[in-house]
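Colleague: Can you build the whole structure from these sequences, using the hints too?
Each chain is listed here by its residues.
Number of protein chains: 2
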Amino acid sequence: MEYGQAIFYRGGSDQSFLCVSAVCSFLEIRMKKIQIYDTTLRDGSQGEDISFSVDDKLHIARKLDELGIDYIEGGWPGSNFKDMAFFKRVSELGLKHARVAAFGSTAHPKNSKVEDDNNIQALIESGTPVVTIFGKSWDLHVKVALGISLERNLELIGDSVAYLRSLGKEVIYDAEHFFDGLKADREYALATLKAAEQAGAGTIVLCDTNGGTLTEEIRDCLRSAVERLKTPIGIHTHNDSDMAVANSVIAIRHGAVHVQGTFNSYGERCGNANLCSIIPNIELKLGMRAIGQEKLRNLTEVSHYVSEIANMHHRQDFPFVGKSAFAHKGGIHVSAVMKEPLAYEHIPPETVGNERRVLISELSGKSNVLYKAERMGLQLDKASPGAQAVVNKLKEMEHYGYQFEGAEASFEILFNKLMNEHSEFFDLDGFRVITERKGSNSSTSEAVIKLRVDGTEEHTAAEGVGPVSALDHALRKSLTTFFPCIKDIRLTDYKVRVLNAKGATDAKVRVLIETSDGHESWGTVGVSENLIEASWLALVDSITYKLKKEYGFKNKEARERVKG
Amino acid sequence: MEYGQAIFYRGGSDQSFLCVSAVCSFLEIRMKKIQIYDTTLRDGSQGEDISFSVDDKLHIARKLDELGIDYIEGGWPGSNFKDMAFFKRVSELGLKHARVAAFGSTAHPKNSKVEDDNNIQALIESGTPVVTIFGKSWDLHVKVALGISLERNLELIGDSVAYLRSLGKEVIYDAEHFFDGLKADREYALATLKAAEQAGAGTIVLCDTNGGTLTEEIRDCLRSAVERLKTPIGIHTHNDSDMAVANSVIAIRHGAVHVQGTFNSYGERCGNANLCSIIPNIELKLGMRAIGQEKLRNLTEVSHYVSEIANMHHRQDFPFVGKSAFAHKGGIHVSAVMKEPLAYEHIPPETVGNERRVLISELSGKSNVLYKAERMGLQLDKASPGAQAVVNKLKEMEHYGYQFEGAEASFEILFNKLMNEHSEFFDLDGFRVITERKGSNSSTSEAVIKLRVDGTEEHTAAEGVGPVSALDHALRKSLTTFFPCIKDIRLTDYKVRVLNAKGATDAKVRVLIETSDGHESWGTVGVSENLIEASWLALVDSITYKLKKEYGFKNKEARERVKG
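Chains as they are written, first to last, in the working numbering: chain A, 1 to 564; chain B, 1 to 564.
A hint or two may mislead.
One copy or two, it doesn't matter: identical chains are merged, so the pair holds either way.
Stated by the list, open to error - Listed next, the in silico DSBU-like pairs over lysine-lysine satisfying Cα-Cα at most 35 angstroms (straight line):
id, residue 1, residue 2
1, Lys487, Lys230
2, Lys63, Lys82
3, Lys395, Lys113
4, Lys323, Lys32
5, Lys63, Lys113
6, Lys393, Lys438
7, Lys323, Lys487
I should point out that these hints are in silico values taken from the structure, not numbers from a laboratory. Since the structure is predicted, the reported quantities are computational estimates derived from the model, not experimental observations.
Modeller: This is the structure in structure tokens:
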């Protein structure tokens, strides 16, 4: 490729990117569209320390759909019972854009007929419109892992694809180890693709399963496939050589129209190609279309959301979406970036929903807070002293470890407090939570609480399966007589995040609680070095939000009228 | 480049790598040598949360020297007072291989003579054999950041390099923003390099300062420089587009003979190119020489060492050197990797001093368990009823919520229990943990514990910042009199994962603890609906592992002898 061609896709890294961005919304419809295939819920869950419940998966699927992801691979129903439960429930979500895919392998060689294969049957049972099956491209794998002849493998690929097609499924064929396979036996590797094509695969995806392939090798091998096939080609890379994103991007530049990856690069070993980097590279550097520039502005938020659900620390240095991605520390950089952002930023941070931060002078944040307040329908005049107070307090709390993503109810209560629009519904005199274990019996927990509502004291106790549960029960019990609507609410989610893990059991923890009253759900947050205290703070916000919603009034008389 | 050429560097990713590795030591001397230039101590320290003391820097410099790094950039003496102290002391270290470099900019335009420039004088004062200076290649920067004419900038580059050369320094010239500069004004960008060459720069390094350049752009721009200059060319990339390593590797393939990066990719924003990935790619994929294959075996250790000194968590998913880099979770992968490691590993982990790990998870089959037991030196016959019992128990525990990834110590203890090779070091009579809050004060926690060691009762209490911390303190306090070695251990990590989040505060939690005694680290796990109970289980395993390691005996008499 000559340099002249390279100019085309430089987009994000020189003066032209501002213009590119401005005209993009008009041009988008004419831009080349790359299909985005997310496998966070399947390949991502292979990552060490990653473990999703069915509910976690449903939450993520909904969020990815909203972001405009084209395909969501939900799991491997033949290998994991939990995944089947996901497929049963995902159809009730009413996804607007994404097509859901179930993942599995070509039929096992022991079955003479594909329809006898349990794995294939599980794929069909999952009821998804899309089925993704992987097969072997590398002769080594055919011989060693499957222990069958090269011809039999071609048959298995063809028969499996054809059978699923005959049932009306969209079939995506993942060519496992394609790059290693091509290097070992070029013609055989290409023949496996041809078998999938002839059987009717809708997309053929070249996988660098071991992640060992270098960028220019990816390009050259991919070209061989593009030249040989009519079927649209996809790319699936792993990060073992630290070049998964570059490898996906070069494949797209040279003809791949479909890319598979995960959010935050979750995945086995060194992870999969990070869609949070690939999507903006497609949109801002390649001049092609992935999810569209409008939805691109939600990318940072979704990346954080997925890490919260996965209960993984969000890497600060993540390209595009990390907290440090546009943070400037060096003195020279800071003064230059203020004169001319382009001087030290490859793209404008807001294009991916991130923000510039200047680490030495803490200038950032106000617009972020205003944006957040506005989205919640809270009134805040940008120029008012109140606005600055809110920003300062939030900065202080974020520095301490608070995070209001997924805890909008706590944000709203805090906002009201800072604007002097809040008063407490009850006063705590104190609580005591006792967890006890006798010999080899398991532990029991009990909480005692004393509080006052409009001067009336309530002193009560309750048990729970653990200390937080006991405290939760005692708090509700003591308040229900005053505020009967508390009976309607239940906690639907409880998450604990250790913030400075190196502090071990002395570390600070952040507790996130989700509450529902059957009509609405809301999230609250508490941070403390003491887990019980952090949980208490989130519990109190959770109940306060419900009471405000129900009674809305600050003084006793008003509440009395409602109760009467 | 044709595919035929790509074959040359495939090294690590197909069958030929074993042979390559075997003959490498003989061939190394004839292989093309790439200079490795580390800037962890300078550019790396620009990373958010990174802050090195002078002693930290000296420790790292010594370690990098032992690893065979060619250049160590120690700091920017003109901008940071601490850096000057480093240069004074580093000369006393007696480094064996590395040349130390001081970093700074070309002279400031306000000085009519280079020798009047404070920054240049600071570079000279630092007394290093090598001086690295950066200058502007991008017309935008010359005009906006420096506010001078393009000609004056060429003069500054030439004069600064020439002056330092006249004092006998080896001068490395860093062309800041070279890639953006070339795209904006090709001839001017190349003219800045020419100015440095004519003044006697020993190496000219092309910097992708904003990290926005795509892989093939890097190659094309670099080729322009290689064609125009006689001076050896280097490459310096940042990770803002998530392709810093790929960009460095492609530059080396196309003529760069010097590469700059940091350990663990520390650096401003999204970090610098990671030398821990670049070095093995050079050695194992490109068939060139960086630090030599013998020293390459120390890479994983040095990467961990640098993260310890930087007080940063060592990313598990780091390519080559991360704890998960060769960890296998899926059942299919595991049985295949045992038959033929090459099937799922792009390089043999031991070449970089890392190791294969087989994770025990809900996806695992019998082969995972057997492999793991074997690695731990635990005897288990595959066909024995014991093996099936272990597998069944593990599956049952995993179903309950246990996960032994990162909790190998708990796995070993469990294994011993199932094989009847375990007895307890102490018997618990009971514990009680109380968390209390009075009014608006924050919560306090206290634990009381009663246990017996060989019949001797210990009844004691301790406080903590939270309930788990209090329990941890009380447990250690009560055991230290019997087992003094407990003093040596400390908890280094504490993680909480809520398993069925929908159960909210009644949900089951999994606690993971990491413990270290300064020589070894080990992970333990506990699961319960009661967080205190789950933490207790993990704490007991943590201490039991240490005691087994120290005393190894099951009965009182044997322990008495050791203590005696």
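Colleague: Does each hint hold? Answer for all of them.
Modeller: Checked hints:
1. In this assembly of identical chains, the alpha carbons of Lys487 and Lys230 never lie at most 35 angstroms apart, being 61 angstroms within a copy and 68 angstroms across copies at closest.
2. Only within a single protomer do Lys63 and Lys82 lie at most 35 angstroms apart by alpha-carbon distance; the minimum there is 20 angstroms, versus 47 angstroms between protomers.
3. In this homomeric assembly, Lys395 and Lys113 come within 35 angstroms of each other (Cα to Cα) only across copies, at 31 angstroms, whereas the closest approach inside a single copy is 63 angstroms.
4. Proximity of Lys323 and Lys32 under a CA criterion of 35 angstroms is satisfied intra-copy only: 30 angstroms inside one chain copy versus 39 angstroms between copies.
5. For the homomeric pair Lys63 and Lys113, neither the shortest alpha-carbon distance inside one copy (39 angstroms) nor that between copies (60 angstroms) is at most 35 angstroms.
6. Taking identical chains as interchangeable, the C-alpha atoms of Lys393 and Lys438 lie at most 35 angstroms apart only when they sit on different chains, with a minimum of 25 angstroms there against 45 angstroms within one chain.
7. Taking the shortest alpha-carbon separations for Lys323 and Lys487, only the intra-copy value of 27 angstroms comes in at or below 35 angstroms, while the best inter-copy value is 38 angstroms.
Hint compliance for this structure: hints 1 and 5 are broken, all remaining hints hold.
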